[in-house]
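Trainee: For reference, the chains in residue letters:
Number of protein chains: 2
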Amino acid sequence: MNEKIARFLAERRVETPFLVVDLDVVEENYQALRAALPDAKIFYAVKANPAPQILQRLNSLGSNFDTASVVEIQDALAAGATPDCISYGNTIKKQSDIAKAHALGVDLFAFDSEAELAKIAESAPGARVFCRILTSGEGADWPLSRKFGCEPEMAFDLLVKAADMGVVPYGISFHVGSQQRDPLQWDAAIATCAKLFQDLEHRGIMLRMVNLGGGFPTRYMKDMPTPADYGQAIADSMRNHFGNRIPETIIEPGRGMVGNAGVIESEVVLISRKSASETKRWVYLDIGKFGGLAETMDEAIKYPLTFDRDLTAEGEAVVLAGPTCDSADVLYEKEEYKLPLDLAIGDRVRIGSTGAYTTTYSAVAFNGFKPLASYYI
Amino acid sequence: MNEKIARFLAERRVETPFLVVDLDVVEENYQALRAALPDAKIFYAVKANPAPQILQRLNSLGSNFDTASVVEIQDALAAGATPDCISYGNTIKKQSDIAKAHALGVDLFAFDSEAELAKIAESAPGARVFCRILTSGEGADWPLSRKFGCEPEMAFDLLVKAADMGVVPYGISFHVGSQQRDPLQWDAAIATCAKLFQDLEHRGIMLRMVNLGGGFPTRYMKDMPTPADYGQAIADSMRNHFGNRIPETIIEPGRGMVGNAGVIESEVVLISRKSASETKRWVYLDIGKFGGLAETMDEAIKYPLTFDRDLTAEGEAVVLAGPTCDSADVLYEKEEYKLPLDLAIGDRVRIGSTGAYTTTYSAVAFNGFKPLASYYI
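Here the protein sequences come in this chain order: A and B.
Number 104 in full-length UniProt numbering belongs to position 104 of the first sequence; there are no gaps in the numbering.
Number 66 in full-length UniProt numbering belongs to position 66 of the second sequence; there are no gaps in the numbering.
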């Protein structure tokens, strides 16, 4: 945890649970990604954390915005972004929402099916469209299903049709899976993009953009490759597959932009054992799966924990759980978190790298608990 | 779907997604449980759906309330309940929340550990306490972890201690797991309770109550045993194990009280295939895992689907997914939902038996989508 957040936590004893985000860390992440991928346009994935303070800071730095809904488009505009800096990157949009986005000036839309393309052509005539292709998601910590993207052959057919339908076939996008640990995972998808560019050129369609998606990881428990590692791997791959005709590129970092900028402070509500002879303690926090830590689903994301006072006793394995009356509200049971034996009820537990996918994931009122509060400093 | 809800959906074309709950069905469920378990006091599990309209209706019928937080206690009081009708059934409570509940007049508290008992003794002196014991959860559709309850030997020790600590050792509770398909699952736990009653009596401690918990199912896709079946099995079991000294009993239905009273109406946003040759369609609704259908986690709860117009084409297997940009927002992929081939974008899909565990589970703003709206008729 950095000094600025440490000072906030020490000086302000805010009621737990809450998230605090250091906007300067967001800025550092932005600059690191800029430096690592100097040729790529950055579209921040607003869904990771749509706080106005984050959007304003990123807008002031020149960031673009990848949005999932009309509300997120409005949020980006409210933060000062101009419509040409906004992509409507959700491949699943209501016709009425496409029309609203178009009326707001948004001109760049994702799709991965003929029906979606038809909706865009009808409600956003003349817009630029990019087609998302399927990838395997290998090497990613957050599961990547087949929910988004189509097979490349279908992408080819649809991009050919796009021009006839009155929209601009602009590019191809893919996503290598969130919290992607392997920089080389971009390569296969970039090769497919290059092939599609070539095949479409033979049909007289000149694509201009490759959307490299997100997937850039944040640091949780283990060290990760740096943005520079990803930048190098991607640059090499682009050169390999596109030669000296490298198109415009876009990246959509979400977790990689805000993940490590935030810390959640929570409180230990209860520590117990299930029987006198059981060695494993159960530690219950005042935040759980439904209060913002949804990404602990199947223990996918493993957050680092620290404490508000020096604990000196030996660490011993615990089960970590949330405060609701729901049996499924258990954070870590398979992953062995070893917490000090002198951890006590009332201690504050700091959950690191929680800037992304926490505030908005929070349940609106499950068990009567309030959504996660947040502070931006 | 009953006629009252069908009329509401036909006459009011409300913006989707939303939940509509028929309060008369809640009342019928209450009466059916009353009739099935005439000797048990009903404590409605507020967490299943805390809508004021539901709490008011149940209060007018004489229901008691099982609560998970101070907010739920306040909700029950606001609906007209008196504090003696309220149980604070969460075994994980902040000391300050116990004090608040006690100040509001609540006198009945759950615990399953020494630390929690100590908190209650300090902040709610003189209160009645019941100890939750572990059960296996076999036969339940919603996973029951070891999160709640302790081994019976520990329950014995703690109930002995309770009296010395200035609270009233009042009873024992257990939970057989939510959406419990097997009425006989109560028997083993009731046997354990009877043994504990006896053992504690030898130590001079006279317990007075067995809290049979919830678990009473609602009808989703398949027929379920009726409340009468559960009532009979429980009555037989109580007689078998307690003989002619049957204690006071409590039940805590949540899902069984409101599940089948509600229908969510959603809209088909997109229907697509991943390639020209793929037979499986993807059907995307405007509600998903993060918009209220959290119980589709691991496809645990399988909701029945109907449509707003007559669809006559053959049914064919689909993957059903939600509208967010999250790969994990897939509702059913393993379970083969077969939807008619003439289902079209814009059709309204009615998701049945969604009165429980939907509105409050909804994410506060994930992807910019609003929490689930709801109507009570």
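Note that these hints are calculated values from the structure, not bench results.
Source: prediction; values computed, not measured.
The reader is advised that the hints may include incorrect statements.
Label pairs and their calculated CB-CB ranges [claimed, not checked]: (1) A:Arg-13 <-> B:Ser-60: 19 to 27 Å; (2) A:Pro-304 <-> B:Asp-164: 38 to 46 Å; (3) B:Ala-313 <-> A:Lys-280: 39 to 47 Å; (4) B:Ala-99 <-> A:Glu-278: 25 to 33 Å; (5) A:Glu-138 <-> B:Asp-24: 36 to 44 Å.
Even for Gly, the Cβ is constructed at its ideal location relative to N, Cα and C.
Trainee: Could you run down the list of hints and mark each one as holding or not?
Mentor: Each hint, compared with the structure:
As the Cβ distance of Arg-13 of chain A to Ser-60 of chain B is approximately 43 Å, the hint placing it in 19 to 27 Å is violated. At about 41 Å, the CB distance of Pro-304 of chain A to Asp-164 of chain B agrees with the hint of 38 to 46 Å. For the hinted restraint 39 to 47 Å between Ala-313 of chain B and Lys-280 of chain A, the CB-CB distance of approximately 54 Å leaves it violated. Between Ala-99 of chain B and Glu-278 of chain A the CB atoms are about 29 Å apart, so this pair conforms to the stated range of 25 to 33 Å.
At roughly 52 Å, the beta-carbon separation of Glu-138 of chain A and Asp-24 of chain B lies outside the given 36 to 44 Å, and the hint is violated.
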